[in-house]
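Student: With the sequences and hints as input, model every part of the structure.
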Amino acid sequence: MIESMKVLSRSLAVLARETRSERDTRSHPVPEELVAYQAGDLSPDEDQEVQEHLILCPDCPDLLLALQDFSEPPQDSTSISDAGVAAAWRRFRKHLLGEARFDHLPRLLRRWLALPKPVLAFAGVCLLAALVAPWFLVATLGRAGPPRLLAAIELDVPTRGSEMQSIVIPAAQKDPIVLSARPEGPPHPKYEVVLLNTAGQRLQSKTWRPTSDSDLLVVQLPRSTPAGEYRLELRGLRDGKSVPEPADVRPFRLSFR
Amino acid sequence: MPLDEEEIRRLITAIQAGIDVEASFAHVFSLSYRPVHSFFLRKGFSRSEAEDLTQDVFLRVYQGIGAFRHRSRFATWLFEITAHVYLNEIRRRGTGKRRGVEQSLDADTEDNLRELHEKVSRQSTAPQGPLEDLLEKERLDRLRVAIVEMPPQMRRCFFLRYLRGYKYREIAYLMKISIQTVRAHLHQARERLKLDLADEAEE
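First to last, the sequence lines map onto chains U and Z.
Going by this note's numbering, the residue at position 10 of the first sequence is 10; the numbering climbs one at a time, nothing skipped.
Going by this note's numbering, the residue at position 56 of the second sequence is 313; the numbering climbs one at a time, nothing skipped.
Bear in mind the hints are in silico, worked out from the structure with no lab data behind them.
Accuracy of the hints is not assured; some may be wrong.
Simulated coverage check for chain Z against chain U, where a stretch passes if three residues somewhere in it have a Cβ under 8 Å from a Cβ of chain U [claimed, not checked]: (1) 265-279; (2) 306-313; (3) 417-429.
Distance windows between CB atoms, simulated [stated by the list, open to error]: (4) Pro409(Z) to Ser79(U): 33 to 39 Å; (5) Pro74(U) to Glu263(Z): 20 to 26 Å; (6) Ile347(Z) to Leu137(U): 53 to 59 Å; (7) Ala121(U) to Ser329(Z): 42 to 48 Å.
Glycine is no exception: its CB is placed at the ideal position from the N, C-alpha and C atoms.
Tutor: And the structure:
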């Protein structure tokens, strides 16, 4: 009997396909069409088409039957409690307010704002980092740039060797100490710059060649230079040797506060 | 409990007039949430999936409620939106979800075929040899002819009952006829089959 039933089942399925209307070759009716069918708003031909479709379609009859439940919701295991509906409304309201708050914004921005909060937070941190990074780089790497001019001794004043200049450096200052000088007298292609202490001991020396762009000498003293009295001498070089007469001499007193 | 169309109509009118929009929509939401949520649960979605899809439906309701003109009932409009959200979701996922729901119908169908078989078959023993097999095949051919010769509406009722396993009241709703008519069609269909098979037995 079971075998016989299987054959019968198969026969019915084949038969249903064979006997269905030739017109029923289209795709599923849209929900509006199913509603119109149920309301009797279709033409007789369209009505017949939908009926033929309902015989074999695995989905549309169930969808159409569900229409009944919208007018008279059944009370069964799928029914949700009042508390469940209230919770769903709170969720919906939250979602709705979130959407409405950004209604005036461009669509792309709204989509960004609709992203999950952790993603938004991460994006915010990245944006902040991108904004702060240039300032941070300038502030950090700027220290490796040209030193600030803390004190300048203009050695082109014709009072060489006379008046003691006093240079007071702030104790917290970490930049090198910068002095400037401009030679006077007959020009030389090269000069020797010498830093001496009061005992005449040479602490530093370097060679300097003025250019057509600048004849201003800039001298940097290391920050580790101790407080005391010093003398900066500028001597012209001739045949690799310093001329006896200095082009400029400037004594100064270095102190820290 | 039936959906209170009159109350919903009043609330929609208030929403469209901009009167207490949030409270009015909250009331519409609470009155009509259950059928949508139940629909998705019956279609085999999990509770959380059903909640998400229902939220999606009400978002569309909220967006469209300003243009709702009461030409159809609110329940019908809500059904159309729900059906579109459902079909979109099915399309997005493939057809797996739908198949899961159909299995119960298959079980019903087997019962219905058993019922049909018992109602139209003779009280004979099962075929046991080539001759019996041939007779069984011929009997099925007669059945096919009998079904083809049925009037269209009777044939549709017959298939919906014995091939698809729908209940009488469901067939009545799908075919837009009364339950009595469905019952009469199926009774006549069975009588025709019995007669045809009896003719076959006499031959």
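Student: Now tell me if each hint is right for this structure.
Tutor: Taking the hints in turn, this is what the structure says about them:
1. 265-279: Contact hint for the region 265-279 of chain Z vs chain U: violated, 1 residues under 8 Å.
2. 306-313: Our answer is that it holds, as 3 residues pass the Cβ test (under 8 Å) against chain U, meeting three.
3. 417-429: Result for this restraint: holds, n = 6.
4. Pro409(Z) to Ser79(U): 33 to 39 Å: For Ser79(U) against Pro409(Z), whose Cβ atoms are near 38 Å apart, the range 33 to 39 Å holds.
5. Pro74(U) to Glu263(Z): 20 to 26 Å: Distance hint for Pro74(U), Glu263(Z) holds at roughly 21 Å.
6. Ile347(Z) to Leu137(U): 53 to 59 Å: Distance hint for Ile347(Z), Leu137(U) holds at roughly 54 Å.
7. Ala121(U) to Ser329(Z): 42 to 48 Å: 45 Å, holds
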